[in-house]
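K.L.:
Below, each chain spelled out in residue letters.
2 protein chains.
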Amino acid sequence: MGIFQRLAGRPLKSMCIWSLWSRHSSALTAVGRVTSDRALIVTSCQLTQHRYVHRGGLGASPSNPGAAPPRLPFSRVTHDDLAFFRTLLPGRTITDPDLLKSSNVDWLKTVEGNSEVLLRPKTTEEVSQILRYCNERHLAVCPQGGNTGLVGGSVPVFDEIILSTSLMNQVMTFDNISGILTCQAGCVLENLSLYLEERDFIMPLDLGAKGSCHIGGNVSTNAGGLRLLRYGSLRGTVLGLEVVLADGRVLNCLATLRKDNTGYDLKQLFIGSEGTLGVITAVSILCPRKPKAVNVAFLGCSSFQQLLETFQCCRGMLGEILSAFEFLDASCMNLLEKHLKLTNPITECPFYIVIETAGSNSAHDEEKLHNFLEEVMTSSLVTDGTVATEATKIKALWSLRERVTEALTHEGYTYKYDISLPVEKIYDLVEDMRRHLGDMAKNVVGYGHVGDGNLHLNITSPSKDPALLTAIEPYVYEWTARWKGSISAEHGLGLKKRNYIYYSKPSEAVALMGSIKAMLDPKGILNPYKTLPDNIH
Amino acid sequence: MGIFQRLAGRPLKSMCIWSLWSRHSSALTAVGRVTSDRALIVTSCQLTQHRYVHRGGLGASPSNPGAAPPRLPFSRVTHDDLAFFRTLLPGRTITDPDLLKSSNVDWLKTVEGNSEVLLRPKTTEEVSQILRYCNERHLAVCPQGGNTGLVGGSVPVFDEIILSTSLMNQVMTFDNISGILTCQAGCVLENLSLYLEERDFIMPLDLGAKGSCHIGGNVSTNAGGLRLLRYGSLRGTVLGLEVVLADGRVLNCLATLRKDNTGYDLKQLFIGSEGTLGVITAVSILCPRKPKAVNVAFLGCSSFQQLLETFQCCRGMLGEILSAFEFLDASCMNLLEKHLKLTNPITECPFYIVIETAGSNSAHDEEKLHNFLEEVMTSSLVTDGTVATEATKIKALWSLRERVTEALTHEGYTYKYDISLPVEKIYDLVEDMRRHLGDMAKNVVGYGHVGDGNLHLNITSPSKDPALLTAIEPYVYEWTARWKGSISAEHGLGLKKRNYIYYSKPSEAVALMGSIKAMLDPKGILNPYKTLPDNIH
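Same order as they appear, the protein sequences are chains F and Z. This note's numbering applies: residue 1 is where the first sequence begins, and numbers increase by one. This note's numbering applies: residue 1 is where the second sequence begins, and numbers increase by one.
Keep in mind the hints are simulated off the structure, nothing from the lab. Note that the structure is predicted; figures quoted are calculated from it, not measured. Please note that the accuracy of each hint is not assured.
[As the list claims (entries may be wrong)] When the alpha-carbon atoms are kept at most 35 Å apart in a straight line, the in silico DSBU-like pairs for lysine-lysine are as follows: (1) F:Lys523 - F:Lys442; (2) Z:Lys523 - F:Lys292; (3) F:Lys393 - F:Lys484; (4) F:Lys523 - Z:Lys523; (5) F:Lys425 - Z:Lys292; (6) Z:Lys425 - F:Lys122; (7) Z:Lys484 - F:Lys395.
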């Protein structure tokens with residue numbers, strides 16, 4: 001009897017692996033908190049003076065770096081403007097406040113604007129005409145995809161016109177030799193995944209929000225997610241973009257080539273710049289073949305050091321088939337059991353690991369996983385574990401990692417941080433934060449993408465607690481900066497974190513970002529109040 | 001007896017796989033042609049009017065787009081300048097013409113400048129002081145790494161000061177958990193590979209010029225090479241850069257994080273911009289684990305269509321272990337036999353494929369390769385083949401692909417093109433060019449990276465032949481543009497191809513590149529006459 005069977009007594013069964021890839025589709029049901037205060041950030045606001053560690057500083061340090069700044073002197077939408085939009089986009093110029101409501105508030109319900117007009121273009125030419133008009137009229141524009149962002153980047157802060165990509169949802173081409181997909185920016189990620197799976201390919205990225213998020217938004221925010229460990233970042237997989245600039249010019253860099261060294265790679269400017277430099281209207285992206293076999297192992301470790309050693313061993317022995325290495329701590333498991341009634345499938349321990357393999361030969365993959373498990377069990381790096389190869393069991397194991405966020409929403413108020421650190425440091429932050437906060441916090445929990453050095457640090461409290469927040473921030477940012485980490489690994493800066501940029505970037509870099517913004521959007525109409533700090537706008 | 005053995009009767013042996021990774025170290029011995037004309041391009045100059053296909057156009061179309069433009073009005077180096085440099089870099093300010101000779105001419109010996117001073121800084125601070133001084137004095141600077149570029153990008157065109165990174169050759173840090181290496185820009189790629197192999201890692205890129213090229217130059221030119229199919233481009237694997245801007249400001253974006261979404265990703269501006277926007281002084285890069293098993297198969301196909309079908313089958317069956325899929329045509333094989341006395345290991349056929357696998361389990365890899373070979377032999381996609389798992393045999397098979405360039409140098413004069421196309425189109429260009437040129441050309445051959453859609457098209461002639469060149473250009477560029485290809489897949493634009501940029505980029509994009517250049521280097525001192533077309537400078 002092999003390790004697969006011995007670990008949890010579950011026989012290996014033939015599996016319907018593809019349900020795995022839709023496991024995140026219902027993630028958008030988690031609740032947030034509605035605020036009645038317009039243009040006010042409910043979470044992540046901080047009342048202390050911003051302290052700089054070693055990376056630079058704001059010219060004028062705001063007292064509340066996460067809150068909205070004063071409205072900039074953009075024009076206000078007039079009847080003439082609406083008439084123009086209605087002529088350009090008949091039936092697709094939305095002004096009904098009820099219909100605008102969901103587009104004015106972010107998914108976490110922590111940022112709410114009061115835009116009075118939502119535009120739904122279908123073509124690049126329409127986007128171009130909208131921006132040309134808005135730029136001339138000095139009207140601010142908030143580009144919006146699936147509105148699933150977590151940092152207030154995809155909703156208006158004041159009365160910015162919402163430019164939605166929701167009707168730009170056509171696949172343009174797919175080449176089943178090269179695996180290169182070209183599509184409009186408003187295609188929903190899950191729809192693209194389904195389209196590709198029928199053709200024996202997959203998207204190179206997978207996110208909890210896949211059922212709602214748009215590929216254009218994914219690219220604008222340089223989304224990370226669960227497949228980054230295997231397929232790399234969008235900076236490598238996105239091959240081309242079509243972008244409309246602030247003044248309406250269309251920049252067609254929609255190449256479908258793996259290699260192209262003709263001049264500067266302009267598309268990189270628009271990947272991860274959160275719609276502040278241009279509106280992405282189409283994307284070409286390199287898609288991997290659909291793996292023929294997927295396995296998931298859920299393991300326990302008695303220390304984070306052992307977890308790190310397990311990671312090293314795993315990378316060596318699973319090599320090219322490793323597709324995810326995720327972790328959660330015992331506090332997360334307690335919350336899963338307490339609030340969601342999930343059952344821990346293995347014996348209790350301080351750390352839990354989710355390992356996924358994806359490969360082209362199921363027998364080979366199972367043998368590699370077996371050898372790896374035997375090694376880590378024999379050397380006592382891992383104290384217990386279970387393996388799933390069958391779809392529903394894979395899903396059940398994944399839910400222990402995936403539903404931590406949901407479990408946290410039942411704990412009260414949660415302060416959320418998305419931190420990159422050298423991988424050996426990621427849990428030190430959690431432990432240090434526990435010591436630092438003592439009894440002030442109800443819970444300090446850590447989970448995330450070990451394979452990418454990406455920690456999701458969550459601190460809970462029975463209710464919103466300004467004193468607790470003061471104890472967390474800027475402490476957490478200073479700690480991150482001290483270890484040369486990133487204060488936003490994958491979520492971006494948006495509205496909420498824009499003023500914290502100096503903890504991860506030197507002032508020379510931020511100043512250069514400001515120059516790029518001024519060059520591409522001299523009137524600053526594109527997604528104002530986002531990404532760049534207030535002293536740069 | 002399995003396919004491995006049957007194919008060529010060679011038994012599988014245990015192998016010393018790592019000699020594979022040094023197979024390119026002697027590639028720099030191939031010869032070029034010296035010209036006595038200063039600042040004149042010997043190859044790739046063309047005498048016909050530049051014709052635009054559909055991507056834009058030059059403001060003022062030069063009659064000879066590949067040749068050097070007139071010298072721009074930079075200052076000339078004075079005794080006072082030399083005194084400054086000698087104080088800053090004692091013993092490292094080179095003015096002896098004999099010592100300068102090899103730095104003034106490119107590897108192909110087709111571009112030669114007449115710089116009178118070569119600076120060899122050791123630190124970023126020294127680079128900063130050099131550029132601050134040169135910018136103030138309006139002195140042009142040509143940054144130079146290993147000087148192995150093929151488009152005249154790494155040598156002065158006139159009297160630009162050569163800023164060499166050759167003494168900036170220190171490894172700064174290596175993290176054996178994350179595989180992240182940080183080093184100075186002047187580290188030689190092969191030295192980094194050896195350093196990493198001792199630590200059970202490899203560089204994510206491998207090039208013919210590895211014995212000479214610098215990592216800073218690799219990044220500046222966004223080098224592709226043999227591992228791109230597996231590990232992706234430098235845009236994904238380079239995690240951080242330190243760059244000195246034209247005015248001497250140091251931009252420290254030397255992050256060692258897999259994920260960092262804090263603001264615009266400025267390092268991308270310097271990847272592939274050929275030293276025209278800043279001088280890269282340090283690099284951090286994500287390195288993969290050293291694979292435990294490597295196999296190479298050399299196969300024959302009777303048509304390019306069958307070769308493409310073999311590629312598709314290969315991607316499906318070899319999946320995650322496929323690390324290279326290269327091809328050469330029968331004309332290349334003839335040249336290898338004729339000039340280098342190499343032996344074709346299989347029966348003669350129109351197309352030959354080199355497939356490499358790299359994985360973590362040799363038994364699994366061999367079984368996958370076996371199954372794949374059985375499939376393509378049974379279905380007659382492949383007519384014959386041989387497999388090597390032992391180091392010297394792997395090297396011998398690779399040399400059939402690697403030494404085509406060398407064989408070509410014995411044929412007379414060679415016109416070289418590095419083209420990206422949709423993979424199903426790459427050989428159509430070779431066949432069309434043969435028809436188009438008829439008896440004018442001695443040989444029209446094709447080889448390259450099928451996996452990346454990258455064709456190396458080479459056209460030979462007994463000697464330099466302006467009439468032949470007129471027949472080739474702009475025909476080859478128009479053909480490429482018609483299929484939305486790239487006129488420079490991995491070599492960059494440098495001096496030689498700068499004016500052909502419009503065949504692969506629209507005029508809006510080129511104009512924006514000009515704005516970026518003007519923003520970062522307003523006096524234009526950094527690597528003038530390179531990358532951007534003459535109407536933008």
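K.L.:
Hints first: check each against the structure and report whether it holds.
P.N.:
Outcome of the hint check:
{"no.": "1", "hint": "F:Lys523 - F:Lys442", "result": "46 Å, violated"}
{"no.": "2", "hint": "Z:Lys523 - F:Lys292", "result": "55 Å, violated"}
{"no.": "3", "hint": "F:Lys393 - F:Lys484", "result": "39 Å, violated"}
{"no.": "4", "hint": "F:Lys523 - Z:Lys523", "result": "26 Å, holds"}
{"no.": "5", "hint": "F:Lys425 - Z:Lys292", "result": "29 Å, holds"}
{"no.": "6", "hint": "Z:Lys425 - F:Lys122", "result": "32 Å, holds"}
{"no.": "7", "hint": "Z:Lys484 - F:Lys395", "result": "42 Å, violated"}
When the structure is compared with the earlier hints, violations turn up for hints 1, 2, 3 and 7 and for no others.
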